[in-house]
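These protein sequence lines are chains A and B, in that order. Note that this note's numbering has the first sequence beginning at 2, numbered continuously upward. Note that this note's numbering has the second sequence beginning at 546, numbered continuously upward.
By construction, these hints were calculated from the structure, which means they are not laboratory data. Everything numeric in this text was worked out from a predicted model, so none of it was measured. Incorrect hints may appear among the rest.
Within a straight-line C-alpha distance of at most 27 Å, the following computed DSSO-like cross-link-like pairs (lysine-lysine) qualify [claimed, not checked]: (1) A:K12 to B:K598; (2) A:K16 to A:K125; (3) A:K125 to B:K562; (4) A:K5 to B:K566; (5) A:K4 to B:K598; (6) A:K12 to A:K125; (7) B:K562 to A:K138; (8) A:K156 to A:K240; (9) B:K562 to A:K4; (10) A:K138 to B:K566; (11) B:K598 to A:K5.
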Amino acid sequence: MAKKHKDTVRKQFAKTVEAFSKYAVRDSGDTLAEQVEFTKPQPADLALDVACGPGRYALALAPRVRFARGIDLTPEMLRQAREFQRERGIANAFFDCGDADQLPYPDRSFDLVTCQYAFHHMQKPAAALAQMLRVLKPAGRIVVIDSLAPESDRKFELHNRIELLRDPSHAETLRLTSLLRLFDELGLEVARQSIRRRERSFHQWMLRAGIAPSDPRYGETRGLLADSMSGDTAGFSPKPNGDDFKITHNEALFLLNRIEPTQVKKKA
Amino acid sequence: MAVSQELLDILVCPLCKAPVKLTPDGQGLKCTECRRVYPIRDDIPVMLVDEAKIEPQ
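Just need the whole structure built from these sequences, with the hints factored in.
Right, here's the structure in full:
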């Protein structure tokens, strides 16, 4: 990631740590449980969550694995993660501050490496995924969870423009086809995948990014969304709901395995 | 909560991937190769190259 964009990410998350932690935790109890089930953590796993934010996923994994580690670029998020950890009395979790492009762990260290809702903040998700693969044990599993952008160029462009207007630390939400290509290029095969539609309140979504209705960006983002209704030109399927809108994100969960050279031979 | 040795053992320098050792004052982690010292703040190791200082020896 370029340093300037990383600074933007840190600034955005330092500013919104409270709102983000509050809404992320409040909004997502069921979703979190679903994600943990999808991951199928094993008692012997050493797990790593890359770009862990306030640690909700790492802390949810911890009771189900031998050890859960989280790493994030923003110190404020990690302090919040440590606080959640203390509140819940979880002993087998640990948090480091670091960069997804330069993970401070030896090769082949973890059984399970996860990254949730973070690729869209990265300018080079391929570099992060390559690092995740580097620190993964040979028979380890990778879990990637993120929103999906629409496939068509015009919808893709407007979708990402709206995301960026809401959150300056947004880089690019990827298409399903781009993610699958990326996995393939790095020698990963999809063992399991699940795509779901998540409906949420536009208002809550803005608050989570630290944008109150008094902020000019609130009205601007709302305007672009309203304009996109006819023909759903940004792929958010916005629906008026009183003073608010309901918007929908398509989210994908992937469980990935390394394609072993022997497996490739067998297939051929 | 102090930082335990067991949890530090898995950390390496993000640049040269060499092991890091806790400094005598317990405030940093020093790379055994490039001598960068990564600070520990609020019990959280800060493993960012930009935040590290290179010690003369």
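Problem set entry | Proposed proximity, K125 of chain A with K16 of chain A (alpha carbon, max 27 Å) | 23 Å, holds
Problem set entry | Holds or violated: K5 of chain A to K566 of chain B, with C-alpha atoms at most 27 Å apart | 30 Å, violated
Problem set entry | Pair hint K562 of chain B and K4 of chain A, alpha-carbon separation not exceeding 27 Å | Status holds; Cα separation ~21 Å.
Exercise. Holds or violated: are the alpha carbons of K156 of chain A and K240 of chain A at most 27 Å from each other?
Worked result: 17 Å, holds
For this session: Quickly compare the C-alpha distance for K12 of chain A and K598 of chain B to 27 Å and report which way the hint goes.
Result: 23 Å, holds
Exercise. Given the hint that K138 of chain A pairs with K566 of chain B, does the C-alpha gap stay at or below 27 Å?
Worked result: 24 Å, holds
Exercise. CA of K4 of chain A to CA of K598 of chain B, is that 27 Å or under?
Worked result: The given pair, whose Cα atoms are some 18 Å apart, holds under the 27 Å limit.
For this session: Take the C-alpha atoms of K562 of chain B and K138 of chain A, compute the straight-line distance between them, and say whether it is at most 27 Å.
Result: Distance of about 16 Å is within 27 Å: holds.
Exercise. Can the restraint linking K12 of chain A and K125 of chain A be considered satisfied, given a maximum Cα separation of 27 Å?
Worked result: OK: K12 of chain A and K125 of chain A at ~19 Å, within 27 Å.
Exercise. Has the given pair, K125 of chain A with K562 of chain B, been kept, meaning a C-alpha gap of at most 27 Å?
Worked result: Holds, because 21 Å separates the two Cα atoms, which is no more than 27 Å.
Exercise. Are the Cα atoms of K598 of chain B and K5 of chain A separated by 27 Å or less?
Worked result: 21 Å, holds
Comparing the model with each earlier hint shows a violation of hint 4 alone; every other hint is respected.
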